[in-house]
Amino acid sequence: MILKSFALYIIIGITGIITFIIGYSINDYYSTDRTPVQPIEFSHQIHAGTNEIPCKYCHIYTERSRHAGVPSVQRCMGCHSIIKTESPLIEKLTSYWETKEPIPWVKVHNLPDYVYFPHKRHIRAGLDCKLCHGDIASMDRVTRVSSLQMGWCLNCHTQRGVKNGRDCWTCHQ
8 MILKSFALYI
18 IIGITGIITF
28 IIGYSINDYY
38 STDRTPVQPI
48 EFSHQIHAGT
58 NEIPCKYCHI
68 YTERSRHAGV
78 PSVQRCMGCH
88 SIIKTESPLI
98 EKLTSYWETK
108 EPIPWVKVHN
118 LPDYVYFPHK
128 RHIRAGLDCK
138 LCHGDIASMD
148 RVTRVSSLQM
158 GWCLNCHTQR
168 GVKNGRDCWT
178 CHQ
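To convert a position in the sequence shown, counted from 1, into this note's numbering, add 7.
Heads up, some of the hints might be wrong.
[Unchecked claim] List of simulated lysine to aspartate or glutamate pairs, DMTMM-like, C-alpha gap at most 20 Å: (1) K91 / D142; (2) K91 / D135; (3) K99 / D147; (4) K114 / E48; (5) K91 / D120; (6) K63 / D120; (7) K114 / D147; (8) K114 / E93; (9) K137 / E70; (10) K63 / D135; (11) K137 / E59; (12) K127 / E70; (13) K91 / D147; (14) K137 / D147; (15) K91 / E70; (16) K99 / D142.
[What the hints assert, rightly or not] Computed spacing ranges between beta-carbons, pair by pair: (17) S145 / I67: 38 to 46 Å; (18) L15 / N117: 35 to 43 Å; (19) R167 / R82: 14 to 22 Å; (20) E108 / D135: 28 to 36 Å; (21) I90 / C160: 37 to 45 Å.
If you are wondering where the hints come from, they were derived from the structure by calculation, not from laboratory data.
Predicted, not measured: the structure shown is a model, and the values here were computed from it.
Glycine included, C-beta positions come from ideal geometry on N, C-alpha and C.
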C-alpha cells in the first residue's frame, strides 16, 4: 500500500515537471520582447528604414505562400557584392556565399507547428506588415512586439468585422 502511494506521488511529480517544461517552452512561442541574436547582425533600420527597401523585396514569398521566407544568401549578395564589401558583417555574409551555406537565421515570429497562418491571405487582404510585426523599419534587431496568440488574432479579426465562419471563409479558402 505504501509503495503504491509512493509510486503515485512520483508519477504526479513527474507529470507536473513535464507539464511545466512543455508550458514553459510553448510560452516562448508567444512571448513579446523576443529579440534573438542573429548569426549576422542585420539591421532592418538601415535596410527597410534608411534605404526604404520594401519588406516584399527580401521576404519574397509573402504573397504566394504560407511563410514569408527569409532572404537567400544570393539575394543579399545581389547588393553586397558591390556595397560595403569591406565591412566585417559583409565579409561574414560573403563567407556563407563562398561556402554555399544558408545563413542560419533564428526565427523571431515562430508559431507552434499546429498553427496554420497563411501570410499570403493577410497580405492579399491589404494588411500592412506593421500590424503584426511592428515598425520593423525602426529596429536594428527585430523584436517580437505582438504575442500572436489566438486571442490576439481573434481580436484583430473582430475589429475588422470578420464575425463568423462565412466571413472567415472570404479570406481563408
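We went through each hint and held it up to the structure:
Taking the CA atoms of K91 and D142, the gap is about 25 Å. The hint is violated against a cut of 20 Å. With a CA separation close to 30 Å, the supplied pair K91 and D135 exceeds the 20 Å bound. In summary, the hint linking K99 to D147 is supported, as the alpha carbons are separated by about 18 Å, within the 20 Å threshold. For the hint linking K114 to E48, the alpha-carbon distance of about 14 Å falls within 20 Å, and the restraint holds.
In summary, the hint linking K91 to D120 is not supported, as the alpha carbons are separated by about 38 Å, beyond the 20 Å threshold. The suggested pairing of K63 with D120 is violated, with an alpha-carbon distance near 24 Å, which exceeds 20 Å. With a C-alpha separation of about 15 Å, the suggested pair K114 and D147 falls inside the 20 Å cut-off, and the hint holds. About 27 Å separates the Cα atoms of K114 and E93, which puts this hinted pair outside 20 Å; it is violated.
In summary, the hint linking K137 to E70 is supported, as the alpha carbons are separated by about 16 Å, within the 20 Å threshold. Restraint check for K63 and D135: satisfied, since their Cα atoms lie roughly 11 Å apart, inside the 20 Å limit. Only pairs whose Cα atoms come within 20 Å are accepted, and K137 paired with E59 is accepted, the gap being roughly 14 Å. Restraint check: the Cα-Cα separation between K127 and E70 comes to about 4 Å, which is no more than 20 Å; the hinted pair holds.
Between K91 and D147, the direct Cα distance comes to roughly 17 Å. Compliance with the 20 Å bound is thereby established for this hinted pair. This hinted pair checks out: K137 and D147 have alpha carbons roughly 15 Å apart, not beyond 20 Å. Among the hinted pairs, K91 with E70 is inconsistent with the structure: their alpha-carbon atoms are about 30 Å apart, more than 20 Å. Distance check on the hinted pair: K99 and D142 sit about 27 Å apart at the alpha-carbon level, beyond 20 Å; violated.
The supplied range of 38 to 46 Å is broken by S145 and I67, whose beta-carbon atoms lie about 22 Å from each other. Restraint check, L15 to N117: a C-beta distance of roughly 37 Å satisfies the suggested window 35 to 43 Å. Checking the proposed 14 to 22 Å range against R167 and R82 shows it is violated: the Cβ atoms sit about 32 Å from each other. Between E108 and D135 the Cβ separation comes to about 33 Å, which falls inside the hinted range of 28 to 36 Å.
A hinted range of 37 to 45 Å holds for the C-beta pair I90 and C160, which are about 38 Å apart.
In terms of the numbered hints stated before, the structure departs from hints 1, 2, 5, 6, 8, 15, 16, 17 and 19, listed from lowest to highest.
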